[in-house]
Structure formats: C-alpha cells, structure tokens
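Q: Take a look at the letters that make up each chain.
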Amino acid sequence: MSRQFSRDLGRGLEVAAAWLLALLWISPLLYAFWSAFHPAEYATHFELGAPLTLENFETAWSQAPFARYFLNTVLLVTLVLIAQFVLCTLAAFAFARFEFWGRNFAFALVLVQLMIMPEVLIVENYTTMSHLGLVDTILSIGLPYMASAFGIFLLRQTFKTIPKELDDAARVEGCSMMQILLKVYVPLARPTYLAYGLVSVSYHWNNFLWPLIITNSVTTRPLTVGLAIFGAPESGVDWSIITAATLLAVAPLLVAFLLFQRQFVQSFMHAGIK
Amino acid sequence: MRRVRSITPHVYGWLLLTPAAILLIAFTHYPTVATLVQSVFSKGTAIRPSAFVGLNNYRLLLEDTVFWKVLWNNVLFGIGTIPTSIALAILMAVWVNGKLPARALTRLAFFTPTILPMVAVANIWLFFYTPEIGLLDQIGRVFGFASHNWLGDPDTVLWCIVVMTVWKEAGFFMIFYLAALQSLPPELEEAGRLEGASRWYYFRRVAFPLLMPTTLFVSINAVINSFKLVDQLFILTKGGPDNASSLLLYYIYEVAFSFLDVPYAATLTMVLLSALAIIAVGQFVFMDKRIHYR
Chain C
107 MSRQFSRDLG RGLEVAAAWL LALLWISPLL YAFWSAFHPA EYATHFELGA PLTLENFETA
167 WSQAPFARYF LNTVLLVTLV LIAQFVLCTL AAFAFARFEF WGRNFAFALV LVQLMIMPEV
227 LIVENYTTMS HLGLVDTILS IGLPYMASAF GIFLLRQTFK TIPKELDDAA RVEGCSMMQI
287 LLKVYVPLAR PTYLAYGLVS VSYHWNNFLW PLIITNSVTT RPLTVGLAIF GAPESGVDWS
347 IITAATLLAV APLLVAFLLF QRQFVQSFMH AGIK
Chain H
151 MRRVRSITPH VYGWLLLTPA AILLIAFTHY PTVATLVQSV FSKGTAIRPS AFVGLNNYRL
211 LLEDTVFWKV LWNNVLFGIG TIPTSIALAI LMAVWVNGKL PARALTRLAF FTPTILPMVA
271 VANIWLFFYT PEIGLLDQIG RVFGFASHNW LGDPDTVLWC IVVMTVWKEA GFFMIFYLAA
331 LQSLPPELEE AGRLEGASRW YYFRRVAFPL LMPTTLFVSI NAVINSFKLV DQLFILTKGG
391 PDNASSLLLY YIYEVAFSFL DVPYAATLTM VLLSALAIIA VGQFVFMDKR IHYR
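Line order of the protein sequences matches chains C and H. At position 219 of the first sequence (counting the first as 1) the number is 325 in my numbering, and the numbers step up by one without a gap. At position 238 of the second sequence (counting the first as 1) the number is 388 in my numbering, and the numbers step up by one without a gap.
Quick caveat, the hints were computed from the structure, so don't treat them as lab data. Source: prediction; values computed, not measured. Some hints here could point you the wrong way.
Computed beta-carbon distance windows for the label pairs [said to hold, decoys possible]:
1. 194/H to 369/C: 34 to 40 Å
2. 325/C to 356/H: 53 to 59 Å
3. 117/C to 356/H: 36 to 42 Å
4. 184/C to 233/H: 35 to 41 Å
5. 210/C to 255/H: 43 to 49 Å
6. 344/C to 304/H: 38 to 44 Å
7. 126/C to 358/H: 20 to 26 Å
8. 427/H to 325/C: 23 to 29 Å
9. 429/H to 171/C: 38 to 44 Å
10. 309/C to 194/H: 33 to 39 Å
11. 292/H to 215/C: 35 to 41 Å
12. 356/H to 146/C: 50 to 56 Å
Just so you know, even glycine gets a beta-carbon here, dropped at the ideal spot from N, CA and C.
Build out the structure end to end from the sequences listed, making use of the hints.
A: Written out as structure tokens, the structure reads:
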C-alpha cells in the first residue's frame with residue numbers, strides 16, 4: 107500500500123518536474139508574446155487585466171523595411187534550397203552509383219566541409235566575394251552553402267539503399283542515366299529531400315554571421331540581420347516593439363513548425379541519424 | 151553499371167560531381183589554404199604593401215592577451231554548455247519518450263528554441279538580463295536579492311551566455327536521443343522490469359551504454375557548435391565587458407571586420423581550424439571504440 111503510494115508520489119513529482127522544465131523552456135517565447143501584444147507600460151510588469159494591442163506590430167513594421175527583409179530572406183532560402191537540391195543530388199548520385207577514379211579521395215574532400223563549415227572561413231570567403239564583385243548580393247550569402255557536404259552525404263546514403271535492380275530495369279526500358287536519376291532515384295528519396303529541405307530552410311532562415319558580414323544594404327539584408335540592427339540599443343526602440351519585431355521575424359517559421367510539428371521533428375531526427 | 155572496361159563511369163562520375171566540386175573547392179578548400187598563406191604575411195597599408203613575415207603573426211598571437219582570454223573563454227563556454235545541454239537533452243528525451251501526460255506539448259516546448267533564430271531569441275533574453283527592470287532582477291527582488299548588472303559584470307556575463315546557449319541547444323540534442331531511444335527494442339525495458347530493476351538502474355546500466363553512439367555524435371556536434379555559435383554575442387554583449395564574453399570566432403570577426411587586420415584574423419582562424427582538426431582526429435579515434443557497443 108505505502109509502496110504503491112510512494113511510487114505514485116515519485117511518478118507525480120517526475121511529471122511535475124517535466125512540466126516545469128517545459129514551462130521554463132517555453133517561457134521566453136511566452137514573454138515575447140506578452141510584451142508584443144500589450145502596451146509598452148506592461149512590458150516589464152505583469153497584470154492579468156492588461157489591455158491587448160496590435161500597435162507594437164504596426165510600429166515595428168513601419169519603422170524598418172521588414173517587408174523587404176522578408177522578401178530577401180525568402181529569396182535567399184529558396185535560392186539556396188534549389189541549388190542544394192540540384193548540386194547535392196548530382197554529386198550524391200555520382201558517389202552512390204559510379205565507380206570513378208579518385209572517388210574515395212573526392213568523398214573525403216567533400217566530408218571536410220562537415221568540420222570546416224563556411225562560418226569558420228568568413229575572412230577568406232569575404233576576400234573571394236569581393237574579388238568576384240559579389241559583395242552585398244543575395245547570391246553571395248548563399249554561395250558558400252550551396253555545395254553542402256551534409257546534403258551530399260545524406261542523399262548518398264539514401265541512394266545507396268535503392269536496389270540496383272531498379273535502375274537495371276529502367277535501363278532495359280531504355281531510360282538514359284539522367285532519366286534514371288529523375289524517375290527512379292529522386293522519387294524514392296523523397297523523405298530525405300523533405301528532411302533535408304526543412305533543416306536547410308530553418309538553418310538559412312536563422313543564419314546570421316555570414317549574412318551580416320557580406321551584406322550592407324536594405325535590398326540584400328535578410329531578416330536576422332535587419333532584426334539585429336533594429337534591436338540594437340543605439341536605435342532606442344523600446345522592448346514591446348523589439349519583441350513585436352522579433353515575433354514578426356520568427357512567425358513564418360514558427361507557424362510552419364506548429365502546423366507540421368511531426369514532420370519537423372522527424373526530419374531533424376532523420377537527418378541526424380544518417 | 152555493366153562490368154565492362156570502359157571509361158564511361160569515370161566520365162559520368164566526374165561530370166556529375168563537377169558543379170558541387172567547384173563550389174566546395176572555391177569556398178572550403180581554397181579558403182582553408184588561403185588562410186594558411188595569409189597568416190604568414192603582414193598587413194598591407196597604403197604605403198607599405200603586405201610582405202612575407204614568416205611566423206611573425208604567430209609570435210604576436212602568443213603575446214596577445216586578448217587571444218588567450220578569448221581562448222580561455224571558449225574553453226569555459228564549452229565546459230559550461232556541452233555537458234549541461236547533453237544531460238538535459240537526455241532527461242528531456244527520456245521524459246518525452248515515456249508515458250507523460252501532455253507529451254506532445256512538452257516535446258513542443260523543448261524543441262521550439264531550436265527552430266528560432268539565435269538573434270531573435272537573444273533579443274528576448276537581453277530583456278531577462280537587463281538590470282532593474284529585467285525579469286531576472288524582478289524575480290530576484292521578490293526573494294530580496296539586490297539588482298545586478300548581469301551582462302555588465304565580467305564575472306557573470308559568460309555564464310549568462312552559457313545559460314542562454316544551453317536553452318537553445320538542449321532541445322535540438324533531445325531529438326537525437328529521442329530517435330535513439332525509440333530504436334531500442336522494447337523487450338529490454340520489459341526484461342529489466344521483470345528482473346525488478348529500478349528505472350534509474352535500467353537507464354544507467356542498459357539504456358545509457360546503448361546510447362553511447364548518440365552521445366558521441368551529439369558531443370562532437372556540441373563541441374563544433376561551441377566554436378561556431380557566436381550570434382548571441384552580437385545582441386547581448388558585443389564580447390564585452392573588456393572581452394569577458396568574447397569567443398574565438400567573435401574575436402576573428404572583430405579583427406577582420408572592425409580592425410581590418412586580415413593577416414592576423416587568418417592567424418586566429420588557423421587556431422580555430424587546428425581545433426576543428428583535433429576534433430576530427432578525435433572523432434576518428436573514437437569511431438573505432440564505438441563499434442564495441444554495436
């Protein structure tokens with residue numbers, strides 16, 4: 107009897123601890139919502155009856171070119187995703203299905219990028235971009251990330267699991283190499299594309315350091331950089347407006363995440379296990 | 151491919167690889183080599199062009215107190231973030247994997263920080279740490295603590311960054327543990343229960359050792375992140391006060407883009423590259439060990 111009780115108590119405490127941690131984890135976001143939807147005088151003190159307002163969002167939206175930043179981020183994320191899909195698919199297909207000279211060596215060279223990510227090479231990559239005359243373009247933000255070792259690795263693993271009989275059959279049907287890739291391999295790897303796509307989009311939506319360095323005008327700056335400039339203490343904007351701007355910047359990703367939570371979590375898992 | 155001695159697979163292979171290879175060489179391999187070359191040259195000025203100076207930049211590096219401070223900060227940052235975020239990630243995964251009421255919601259709460267931009271959440275955390283009106287001070291006041299300038303005090307600033315980073319990362323690492331826990335055969339826990347093993351005993355003696363490959367994978371990611379994650383510094387502290395919260399990559403950024411000393415920034419980058427190379431070698435060595443758990 108008492109043993110049962112102590113087990114229940116232990117279980118109850120554990121549930122309480124889990125919920126407490128969850129609450130703690132989500133509280134910064136809850137605070138951001140509180141502050142963004144209430145007048146500025148309630149930003150630092152909490153009162154149940156505080157009036158709701160959308161004014162902070164209007165102010166934030168009108169004080170900085172967020173619409174343009176949104177467009178830039180969407181362009182960037184799309185450009186990077188398309189380029190990554192094309193480049194990584196081709197390279198992964200080469201590694202998975204062709205025995206060419208220097209394959210293992212080339213693969214090792216690709217994997218180097220898993221360790222030495224573009225973030226580490228900001229100094230020299232900036233020099234390269236200025237030689238190419240690409241500084242302050244959306245292309246320059248995406249370029250170092252387009253041939254992604256992670257993407258190549260992930261797709262190669264997936265392609266290798268596809269039975270060779272399938273492409274032999276397609277060849278008998280008279281398919282060319284490119285048709286085999288597009289009609290057999292790519293459709294069968296759809297879950298991997300989805301997983302990699304979600305990881306890539308959220309990475310580049312959130313990326314900051316390199317875009318900060320390589321951009322210097324409104325027409326190229328992505329949301330993260332725009333938000334950092336907007337929220338800088340020198341700009342003298344108050345909390346409510348900064349949190350409103352912050353929520354604006356994360357809204358699309360957050361909404362997508364809440365709608366497709368399962369896919370997100372599974373994609374991150376899928377991408378991590380390989 | 152048909153097993154005929156033909157040149158076709160070689161041509162196809164390389165043709166398919168070429169577009170990716172060009173970009174990889176241009177933005178990974180070339181800059182790595184260029185960093186090494188740049189680090190043995192002096193900074194060019196209008197009157198004096200850049201010249202070969204051998205290891206001079208490295209000598210400056212050894213004498214640079216800011217460099218040592220930043221490197222030490224990076225070590226502390228790693229010690230502060232890596233074990234804590236991994237331990238929390240395991241705890242979260244075990245909870246979310248078990249029979250917890252409102253499980254989906256709890257998982258959502260843990261994972262949400264992962265998908266938010268670091269810059270955006272740093273804006274929110276900045277408010278927590280603000281003296282007087284900040285949330286931390288408001289809570290402290292209820293318990294009778296005096297107001298504290300968390301980000302302005304060299305003794306607390308780095309730990310403020312650590313706490314925020316742990317919050318941001320733990321949910322991400324949780325995902326990998328969750329995946330690993332779900333791949334464990336359920337009979338194991340069943341057997342443990344029949345044998346009368348406590349949950350803690352089961353976790354310590356059965357689950358945790360089986361999670362070792364995941365722990366290794368996550369640890370490597372965590373170590374790399376500890377060198378790579380500096381976004382929050384731009385919002386919270388700008389590396390200050392007096393470099394108390396500056397990290398290696400942030401210092402590289404400052405040297406290259408504020409002090410415009412590209413050769414010295416390259417020298418600092420060499421240190422970062424060496425650290426990553428050591429991790430790569432370490433991973434390679436550990437990889438052999440991990441087979442024993444399989």
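Q: Give a verdict on every hint.
A: Hint check results:
{"no.": "1", "hint": "194/H to 369/C: 34 to 40 Å", "verdict": "violated, 51 Å"}
{"no.": "2", "hint": "325/C to 356/H: 53 to 59 Å", "verdict": "holds, 57 Å"}
{"no.": "3", "hint": "117/C to 356/H: 36 to 42 Å", "verdict": "violated, 20 Å"}
{"no.": "4", "hint": "184/C to 233/H: 35 to 41 Å", "verdict": "holds, 39 Å"}
{"no.": "5", "hint": "210/C to 255/H: 43 to 49 Å", "verdict": "holds, 47 Å"}
{"no.": "6", "hint": "344/C to 304/H: 38 to 44 Å", "verdict": "violated, 28 Å"}
{"no.": "7", "hint": "126/C to 358/H: 20 to 26 Å", "verdict": "holds, 24 Å"}
{"no.": "8", "hint": "427/H to 325/C: 23 to 29 Å", "verdict": "violated, 39 Å"}
{"no.": "9", "hint": "429/H to 171/C: 38 to 44 Å", "verdict": "holds, 40 Å"}
{"no.": "10", "hint": "309/C to 194/H: 33 to 39 Å", "verdict": "holds, 35 Å"}
{"no.": "11", "hint": "292/H to 215/C: 35 to 41 Å", "verdict": "violated, 58 Å"}
{"no.": "12", "hint": "356/H to 146/C: 50 to 56 Å", "verdict": "holds, 54 Å"}
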